[in-house]
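Chemist: Chains as they are written, first to last, in the numbering used here: chain V, 475 to 562; chain A, 948 to 1638.
Simulated from the structure, these hints should not be mistaken for lab results. Where is the CB? At the ideal position from N, CA and C, for every residue including glycine. Among the hints, a few may not be true.
What the hints assert, rightly or not - Here are the simulated lysine-lysine pairs, DSS-like style, with alpha carbons at most 27 angstroms apart:
1. A:Lys1319 / A:Lys1202
2. A:Lys1239 / A:Lys1202
3. A:Lys1265 / A:Lys1245
4. V:Lys548 / A:Lys962
5. A:Lys1542 / V:Lys552
6. V:Lys487 / A:Lys1542
7. A:Lys1224 / A:Lys1291
8. A:Lys1310 / A:Lys1289
9. A:Lys962 / V:Lys487
10. A:Lys1319 / A:Lys1247
11. A:Lys1224 / A:Lys1256
12. V:Lys548 / A:Lys1542
13. A:Lys1310 / A:Lys1209
14. A:Lys1415 / A:Lys1224
15. A:Lys1209 / A:Lys1239
16. A:Lys1250 / A:Lys1265
17. A:Lys1202 / A:Lys1284
18. A:Lys1256 / A:Lys1278
19. A:Lys1542 / V:Lys549
20. A:Lys1542 / V:Lys480
21. A:Lys1615 / V:Lys480
22. A:Lys1278 / A:Lys1245
23. A:Lys1239 / A:Lys1215
24. A:Lys1247 / A:Lys1224
To be verified - A short list of chain V residues far from chain A (calculated; beta carbon distances all over 10 angstroms):
25. Ala479
26. Met516
27. Glu553
What the hints assert, rightly or not - Just the calculated beta-carbon pair ranges, DEER-fashion:
28. A:Asn1409 / V:Phe500: 27 to 35 angstroms
29. V:Leu519 / A:Gly1387: 38 to 46 angstroms
30. A:Gly1387 / V:Val490: 57 to 65 angstroms
31. V:Val501 / A:Val1194: 21 to 29 angstroms
32. V:Phe500 / A:Ala1282: 35 to 43 angstroms
33. V:Met516 / A:Lys1247: 52 to 60 angstroms
34. V:Phe500 / A:Asn1221: 40 to 48 angstroms
35. A:Ile1604 / V:Phe504: 21 to 29 angstroms
36. V:Arg511 / A:Asp1262: 52 to 60 angstroms
37. A:Met985 / V:Val501: 15 to 23 angstroms
38. V:Arg511 / A:Ala1253: 53 to 61 angstroms
39. V:Arg511 / A:Thr1572: 30 to 38 angstroms
40. V:Met516 / A:Asp1416: 35 to 43 angstroms
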Amino acid sequence: MQPSAKHQEYWRKNLVITAILLAIWFVVTFVEGWYARELNSMSFLGFPLGFYMSAQGSLAIYVAIIGVYAIYMKKLDKEYGVDEGDLE
Amino acid sequence: MSQAQTHSAFNSQLKKYYTFYTGGFIAFLIFLAIAEQMGMSRAMIGYVFLAATIGLYAGIGIMSRTAEVSEYYVAGRRVPAFFNGMATGADWMSAASFIGMAGTLYLSGFDGLAFVMGWTGGYCLVAFLLAPYLRKFGQFTIPDFLGERYGGNIIRSIGVIAAITCSFVYVVAQIYGVGLITSRFTGLEFGVGVYVGLAGILVCSMLGGMKAVTWTQVAQYIILIIAYLTPVVWLGIKHTGIPVPQVAYGPVLQKVGELEKKITADPKEIEVRNIFKDRAATANAGLKDPAKGFADGKAKLEKAVADAKAVDPVDAAKVAAAEKALAGYFKDEAAAKAQWNKDKGLAARAAPPRPHADPYPGKDEDARFTAKLNFLGIVFCMMFGTAALPHILMRYYTTPSVQQARVSVFWSLFFIFLLYFTAPCLAVLAKFDVYSNLVGSSFASLPVWAAAWAKVDPSLLNITDINKDGIVQLAEIVIGGDLIVLATPEIAGLPYVVSGLVAAGGLAAALSTADGLLLTIANALSHDLYYKMIDPQATTKTRVTISKALLVVVAGVAAYVTSLKPGDILFLVGAAFSLAASAFFPPLVLGVFWKRANKWGAIVGMLAGLSVCMYYMLRTYPFFTNMGVPKMDLWFGLNPISAGVFGLPVGLLTIFIVSLLTTPPDAKVQALVEHVRYPNLVGDTHVSQAT
């Protein structure tokens, strides 16, 4: 079947949020890792920032963005009538 | 009752059970602690822990026994997000994470964080790109998805082979961990330990498949997280005064930095390091020309004896010492060569301590750049490997809905995060203890834990007075990574019962991962190979029976391979990730996000990704090159463990190009892709074959 315009819009919005969150993931992983030496000259809670990000900060951000995705998609599902109703 | 009510009633019942269980477990610990005070022996505590926990897992397995196909393969698809998160956490965290991770961080400082980041960040890819869509697809295995999305048995077979390869490599490492822990804490032999642990694994997964494994893994997660956090929190209070050391260990890290500087400049430390440097130099010189090296060394000692005798008046003590040195010289050239081969490695101990928080150390800009590339390469492979390992992806088939699958990834990572963000902190706290208490203490009165471990297992802790000054220098200590987690309760001054708890936690981590992996292998064989390809008419009863039988066979083979003690476990685990990333990630993700991806693209792409990955490992990893595979230079200086950096892009690109060159997939496949993209699609034309 050909998905309706509404369905296509839902999928587009899904792709947008996925892209945004993956961009955050990329920055706190690879950009942070690339500049870890430079970041270490800054200090956070008494830690060198680059070290703290790789050891704890980035990890917490991963948990957070997955949470954001789950909440956002639940709302999006309802809005576009593709939610599973009872099963949630 | 509506389905929602059933689910919520089930959920609250589970919460009640597991709260009760956690309380019971804590009561059990308190009871054992009291028994220890009253004189229960250490070996006895070890046995009680082993028997109680394995018995518990077996009990859950017996209670959850089933012969239903959907119960057996996907736990009836009614595991609530929260509990599936815990089960995934236990499934994910292996013996290597539990026992090895903090030690790796202790030994390699910042560079070890590549694994911490890789093994958590990969869940972002699982959450955004795979879990919800696989759940909507809703069948039993990962090759199922490949088979249906791309069509045909070729792609399914490649999937089966790839799934079995990575899972098998990984399960061997787990069973190894099981044997190690049981033998260490009960005194049983390694081989016996392997089979005792294996019995625990089998009762559980054989009787109840995914259903039993899921509920056991939840129980195992609770034990392993209590076991990991208890000693660290205690140690944290001791050093920082705050029970959340994960955010408060900054000042401790600074102190470690100061101690590193002090140790680097300390004259006694330099003296020890120079002794190692000299020994390594002698060894290298000797190895170049063994005959000459042996003769020169001997001549030097003979001359020393002659010199001592030539002085007037003769100092008897000096002569005796020189003669003793001569008598202790290698008895022949072969003995000298053997010793030199060992000694040439001492060059590593001649280096001052690496600054813990310093990323990418190296002698020049080039070396630092290569270190950085390797760090990011490992992060890359671990992340994409996480998002492609079948035993993890399979877990998201078990939730009741797509939304629950999304939430479940959140809980999975949250529960994994609890352990992984504690490990770097534990490494620093332990380092502080070693640098400030062990270093500088006298050999006559070592800290109690150090004396005990050095006696139990020299491969974990070895302290030798190299410069004979009676004081411990850092350069005189050799620490095996596993020591950090195993010895933390004693470093923190906790009773032995906590050490038993840590062992039980390590065992839970190894058993739960082994369970999930064995199930993946047996399911790939029974479901994908037997049912889907050999006998599609098989009754559900036959399918489950075959799966159970295969489980025993696979477990037996894995235990046999383990008992051969194959080499470098860390490389094997890394290889499993690189292989999974190269083989599975491209066809799975493109299968959802790119409708145009077709059968031939996926087949050629998977093979290309796998081949590039294997080719790179074969040509660069010493194990293979020593067997006669022609060696080649590293690409961009990347180590063989990061072979997925090349395999994955090649796989993606190949699927892309070959798909565009061949005919687009038919309407049925298009409908399937639409089907998985929407949690609930009105007017869905895809016909699901799930039973």
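Chemist: Run every hint past the structure and note whether it holds.
Modeler: Hints, verified against the model:
Proximity of Lys1319 (chain A) to Lys1202 (chain A) is assessed by CA-CA distance (about 26 angstroms); at most 27 angstroms being required, the pair is judged to hold. Distance check on the hinted pair: Lys1239 (chain A) and Lys1202 (chain A) sit about 48 angstroms apart at the alpha-carbon level, beyond 27 angstroms; violated. Only pairs whose Cα atoms come within 27 angstroms are accepted, and Lys1265 (chain A) paired with Lys1245 (chain A) is accepted, the gap being roughly 18 angstroms. Proposed proximity of Lys548 (chain V) and Lys962 (chain A) is supported: the alpha carbons are some 24 angstroms apart, at most 27 angstroms.
Taking the CA atoms of Lys1542 (chain A) and Lys552 (chain V), the gap is about 25 angstroms. The hint holds against a cut of 27 angstroms. Proximity of Lys487 (chain V) to Lys1542 (chain A) is assessed by CA-CA distance (about 18 angstroms); at most 27 angstroms being required, the pair is judged to hold. Of the pairs offered as hints, the one joining Lys1224 (chain A) and Lys1291 (chain A) holds, with about 9 angstroms between alpha carbons and a cut-off of 27 angstroms not exceeded. Distance restraint check for Lys1310 (chain A) and Lys1289 (chain A): the Cα-Cα separation of roughly 25 angstroms lies within the 27 angstroms cut-off, and the hinted pair is therefore satisfied.
Proximity of Lys962 (chain A) to Lys487 (chain V) is assessed by CA-CA distance (about 35 angstroms); at most 27 angstroms being required, the pair is judged violated. Distance hint between Lys1319 (chain A) and Lys1247 (chain A) is unfulfilled; the C-alpha atoms sit about 46 angstroms from each other, more than 27 angstroms. Restraint check: the Cα-Cα separation between Lys1224 (chain A) and Lys1256 (chain A) comes to about 30 angstroms, which exceeds 27 angstroms; the hinted pair is violated. At most 27 angstroms may separate the alpha-carbon atoms for a hinted pair to count; Lys548 (chain V) and Lys1542 (chain A) meet this at roughly 24 angstroms.
Of the pairs offered as hints, the one joining Lys1310 (chain A) and Lys1209 (chain A) holds, with about 21 angstroms between alpha carbons and a cut-off of 27 angstroms not exceeded. Of the pairs offered as hints, the one joining Lys1415 (chain A) and Lys1224 (chain A) holds, with about 17 angstroms between alpha carbons and a cut-off of 27 angstroms not exceeded. About 40 angstroms separates the Cα atoms of Lys1209 (chain A) and Lys1239 (chain A), which puts this hinted pair outside 27 angstroms; it is violated. Among the hinted pairs, Lys1250 (chain A) with Lys1265 (chain A) is consistent with the structure: their alpha-carbon atoms are about 13 angstroms apart, no more than 27 angstroms.
Distance restraint check for Lys1202 (chain A) and Lys1284 (chain A): the Cα-Cα separation of roughly 42 angstroms exceeds the 27 angstroms cut-off, and the hinted pair is therefore not satisfied. Distance hint between Lys1256 (chain A) and Lys1278 (chain A) is fulfilled; the C-alpha atoms sit about 23 angstroms from each other, no more than 27 angstroms. Of the pairs offered as hints, the one joining Lys1542 (chain A) and Lys549 (chain V) holds, with about 26 angstroms between alpha carbons and a cut-off of 27 angstroms not exceeded. For the suggested pair Lys1542 (chain A) and Lys480 (chain V), the alpha carbons sit about 19 angstroms apart, so the restraint of at most 27 angstroms is met.
Restraint check: the Cα-Cα separation between Lys1615 (chain A) and Lys480 (chain V) comes to about 22 angstroms, which is no more than 27 angstroms; the hinted pair holds. With a CA separation close to 10 angstroms, the supplied pair Lys1278 (chain A) and Lys1245 (chain A) stays within the 27 angstroms bound. Between the alpha carbons of Lys1239 (chain A) and Lys1215 (chain A) the distance comes to roughly 33 angstroms, so the proposed pair goes past 27 angstroms and is violated. For the hint pairing Lys1247 (chain A) with Lys1224 (chain A), the CA-to-CA distance comes to about 19 angstroms; that is within 27 angstroms, so the pair holds.
Every beta carbon of chain A lies more than 10 angstroms from that of Ala479 (chain V), the smallest distance being close to 14 angstroms; the non-interface claim holds. Here Met516 (chain V) stays apart from chain A, with its beta-carbon at least about 12 angstroms from theirs, past the 10 angstroms limit. Every C-beta of chain A lies more than 10 angstroms from that of Glu553 (chain V), the closest at about 12 angstroms, which supports listing it as non-interface. Taking 27 to 35 angstroms as the suggested C-beta distance range, the pair Asn1409 (chain A) and Phe500 (chain V) does not conform, at roughly 43 angstroms.
Between Leu519 (chain V) and Gly1387 (chain A) the beta carbon distance is about 29 angstroms. The supplied range of 38 to 46 angstroms is therefore violated. For the hinted restraint 57 to 65 angstroms between Gly1387 (chain A) and Val490 (chain V), the CB-CB distance of approximately 58 angstroms keeps it satisfied. At roughly 22 angstroms, the beta-carbon separation of Val501 (chain V) and Val1194 (chain A) lies within the given 21 to 29 angstroms, and the hint holds. At about 56 angstroms, the beta-carbon gap between Phe500 (chain V) and Ala1282 (chain A) misses the expected band of 35 to 43 angstroms.
Checked against the hint of 52 to 60 angstroms, the C-beta distance between Met516 (chain V) and Lys1247 (chain A) comes to roughly 54 angstroms, which is consistent with it. Our hint of 40 to 48 angstroms for Phe500 (chain V) and Asn1221 (chain A) holds, since their Cβ atoms are close to 46 angstroms apart. Under the hint 21 to 29 angstroms, the C-beta atoms of Ile1604 (chain A) and Phe504 (chain V), about 26 angstroms apart, fit the expected range. Checked against the given bound of 52 to 60 angstroms, the beta carbons of Arg511 (chain V) and Asp1262 (chain A), roughly 56 angstroms apart, stay inside it.
Met985 (chain A) and Val501 (chain V) have their C-beta atoms about 56 angstroms apart, which leaves the hinted 15 to 23 angstroms range violated. Taken as a hint, the range 53 to 61 angstroms holds for the pair Arg511 (chain V) and Ala1253 (chain A), whose Cβ atoms sit roughly 56 angstroms apart. A beta carbon spacing of about 32 angstroms between Arg511 (chain V) and Thr1572 (chain A) agrees with the range 30 to 38 angstroms that was offered as a hint. Separated by about 41 angstroms at the C-beta atoms, Met516 (chain V) and Asp1416 (chain A) satisfy the suggested range of 35 to 43 angstroms.
This entry does not satisfy hints 2, 9, 10, 11, 15, 17, 23, 28, 29, 32, 37, going by the numbered hints stated previously.
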